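Novice: Note that the protein sequences, when read in sequence, are chains P and D.
Under the numbering used here, the first residue of the first sequence carries the number 1, and numbering increases by one thereafter.
Under the numbering used here, the first residue of the second sequence carries the number 1, and numbering increases by one thereafter.
Just so you know, these hints were derived from the structure itself, not from any lab.
Computed from a predicted model, the values in this text were never measured in an experiment.
Every residue, glycine too, gets a C-beta built ideally from N, C-alpha and C.
Among the hints, a few may not be true.
[Unchecked claim] Coverage of chain P stretches by chain D, computed from C-beta distances (three or more under 8 Å per stretch; other residues unrestricted): (1) 89 to 102; (2) 106 to 116; (3) 121 to 131; (4) 140 to 154; (5) 157 to 168.
[Stated by the list, open to error] Some chain D residues well away from chain P (every beta-carbon gap over 12 Å; in silico): (6) Gly-14; (7) Ala-24; (8) Thr-33; (9) Pro-93; (10) Ser-187; (11) Glu-202; (12) Ala-218; (13) Ala-229; (14) Val-278; (15) His-305; (16) Arg-309; (17) Tyr-327.
[Unchecked claim] Simulated coverage check for chain D against chain P, where a stretch passes if three residues somewhere in it have a Cβ under 8 Å from a Cβ of chain P: (18) 118 to 124; (19) 153 to 161; (20) 259 to 270; (21) 281 to 295.
There are 2 protein chains.
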Amino acid sequence: MNKTAGTVTVGQLGERGVLARILAQLTAAHAATLGPGDDCAVIGDRPGFDTVITTDTMIEGPDFRLPWHAGFELGWKLAATNLSDVAAMGATPTALTLSLAVPQGTEVAFLEQIAEGLDAACRTLAPGCGVVGGDLGTAPVIMAAVTALGQVAHETAVTRSGASEGDIVAYAGELGLAGLGLSLLFSHAADDGVAHSRTLNELWAEHPELLSAQLAPAPPIPLGPIAAAAGATAMMDVSDGLALDGARLARASDVALHLDGAALTTHFGTQYGLEVPVTAMLEGGEDHGLLTTFPAATALPVGFHQIGRVGHRAAGDPELLLNGTPYAARGWDPFAPIALNRRG
Amino acid sequence: MNKTAGTVTVGQLGERGVLARILAQLTAAHAATLGPGDDCAVIGDRPGFDTVITTDTMIEGPDFRLPWHAGFELGWKLAATNLSDVAAMGATPTALTLSLAVPQGTEVAFLEQIAEGLDAACRTLAPGCGVVGGDLGTAPVIMAAVTALGQVAHETAVTRSGASEGDIVAYAGELGLAGLGLSLLFSHAADDGVAHSRTLNELWAEHPELLSAQLAPAPPIPLGPIAAAAGATAMMDVSDGLALDGARLARASDVALHLDGAALTTHFGTQYGLEVPVTAMLEGGEDHGLLTTFPAATALPVGFHQIGRVGHRAAGDPELLLNGTPYAARGWDPFAPIALNRRG
């Protein structure tokens with residue numbers, strides 16, 4: 001690890017650049033019908049027997065802070081974000097593994113709460129799925145990596161790349177609330193991450209729907225396989241904001257997504273009695289709803305709302321438009337030098 | 001996380017105690033035919049279609065040190081230890097996922113080397129298996145969690161609990177070398193973990209087999225499915241030393257393992273021209289060979305050597321005996337307050 005003039009650090013290159021370099025080193029697994037780049041990889045080539053797999057990690061500091069996250073919510077969110085990636089392939093979650101590393105002085109009760117949260121999220125969001133194994137070690141901060149498995153019950157997994165011109169763009173789940181919840185936490189946070197101008201309990205009492213969406217999200221997991229059965233052409237879990245992830249789906253499918261601001265406002269402008277601005281819907285992030293495209297004639301399954309249409313995209317054209325105008329989403333990078341990963 | 005008189009930390013309770021508490025929180029996954037506690041969990045209930053899954057993490061500090069571990073070896077060892085857990089179920093590894101978290105200032109080249117090591121280990125030890133997905137984030141130290149999937153090609157996975165009185169106890173792989181390699185590194189290490197009285201290059205030149213066994217182990221992965229096909233009754237990956245892991249297999253199977261010191265010396269007393277004492281074989285750890293039991297009449301597959309017999313165990317009897325005498329293995333715990341996890 002000599003530092004010389006020619007070296008590049010991960011902080012300089014950013015997550016996507018680093019991933020591109022790493023992926024270039026890797027030989028494809030024979031059994032993988034879909035490798036890295038989608039919400040999950042797909043293992044197996046017998047239709048109806050495909051297994052999907054995904055992994056997501058939360059690290060104290062960049063991904064969560066103990067003054068904000070009780071163990072239960074941490075475990076819940078870890079399960080929910082991974083289950084959502086499985087659902088986004090049209091698959092039903094079957095099992096999770098947990099790799100947990102904590103400082104020596106961590107209370108056992110905190111780890112029990114993490115396990116309770118993982119378990120409650122599985123029972124609530126994906127009944128039948130559960131933790132089947134894990135690994136426990138020591139680290140200077142709390143690190144929790146979850147890997148989720150799922151089973152594809154229909155012909156093949158749904159990827160990001162199958163959307164066609166004319167398809168319906170639909171969304172299922174909460175939209176914008178999680179980002180507003182994070183803003184609320186930040187607006188009352190001191191530099192060390194502790195809510196101070198209002199206590200966390202006060203914030204919970206005033207805005208349970210915002211803090212719940214941010215700290216213990218409830219993605220519509222069963223709608224993933226239902227969308228697949230209804231003929232979904234493309235699907236993805238929205239984690240970095242509808243605009244940014246929508247542009248990714250459009251790029252993968254080589255199409256443009258035309259979003260309809262009025263439809264967004266109609267379906268998601270009021271959630272739990274709260275007004276949600278379109279900007280929060282587009283850039284809030286951590287929603288973990290399902291952005292899905294369906295053939296034009298599809299009767300959308302209950303839970304999905306049409307928010308736009310898939311259009312043609314020529315080389316150089318924008319991937320995402322709002323009311324006909326190109327919309328450039330701000331991105332985020334885990335290596336960006338900010339205190340906490342603020343999506344959007 | 002208030003510290004009160006009634007609280008217990010993970011450092012106080014130790015890994016097994018913490019795991020017992022956590023497992024008590026968890027609802028079983030419907031699809032899991034075998035949950036936590038073996039080398040892998042088993043998913044699926046159609047014989048011949050079972051998927052096994054395992055996860056293992058390496059964290060800078062407790063599990064590895066940058067002055068000793070180049071990125072390539074770190075990636076290799078991560079793959080090898082997980083592949084070995086898959087093989088120990090009698091399964092063929094199909095895919096790995098990688099969750100990697102590193103400090104901002106980490107060189108991209110180091111991550112590329114990790115990927116090269118992972119990939120080379122897959123190609124060499126388990127051709128066809130590869131990395132299918134991952135996650136990249138930031139952390140104060142390097143943390144790498146790998147999850148491995150495997151496919152069971154025969155009737156059912158081989159667990160730790162199927163050994164019967166009269167069975168042959170056999171072992172395949174290197175034995176004791178990895179522990180001797182770690183001792184060699186420690187014997188030349190300053191407090192900060194840097195080899196100083198001899199450089200690492202000098203140590204590699206003198207004892208390539210010891211450092212290779214410790215830093216880039218080569219477990220006999222293909223022998224896992226072969227043992228299963230030959231009728232193995234129980235099998236496990238030896239990671240914490242033959243004595244300690246042997247006692248675990250005996251406990252899980254409710255039998256006693258009678259090890260034969262002369263057989264150990266005959267088959268493993270000289271490896272790569274080096275003399276290996278029986279104590280190193282029993283307590284060295286990180287061997288990642290396959291401890292396997294077979295029915296008495298089995299013609300052992302090439303690569304396996306008989307090292308003992310399975311005997312009856314009454315309540316209170318010892319689980320492991322060497323030449324007829326109870327052998328108490330020293331254990332290790334990742335939360336024990338030592339500089340590096342010394343197995344054995």
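Novice: Run every hint past the structure and note whether it holds.
Specialist: Here's how the hints hold up against the structure:
no.	hint	verdict
1	89 to 102	holds (count 8)
2	106 to 116	holds (count 10)
3	121 to 131	holds (count 6)
4	140 to 154	holds (count 7)
5	157 to 168	violated (count 0)
6	Gly-14	violated (10 Å)
7	Ala-24	violated (8 Å)
8	Thr-33	violated (10 Å)
9	Pro-93	violated (9 Å)
10	Ser-187	holds (24 Å)
11	Glu-202	holds (19 Å)
12	Ala-218	holds (18 Å)
13	Ala-229	holds (19 Å)
14	Val-278	holds (30 Å)
15	His-305	holds (30 Å)
16	Arg-309	holds (31 Å)
17	Tyr-327	holds (27 Å)
18	118 to 124	holds (count 4)
19	153 to 161	violated (count 0)
20	259 to 270	violated (count 0)
21	281 to 295	violated (count 0)
Consistency note: the structure conflicts with the earlier hints numbered 5, 6, 7, 8, 9, 19, 20, 21.
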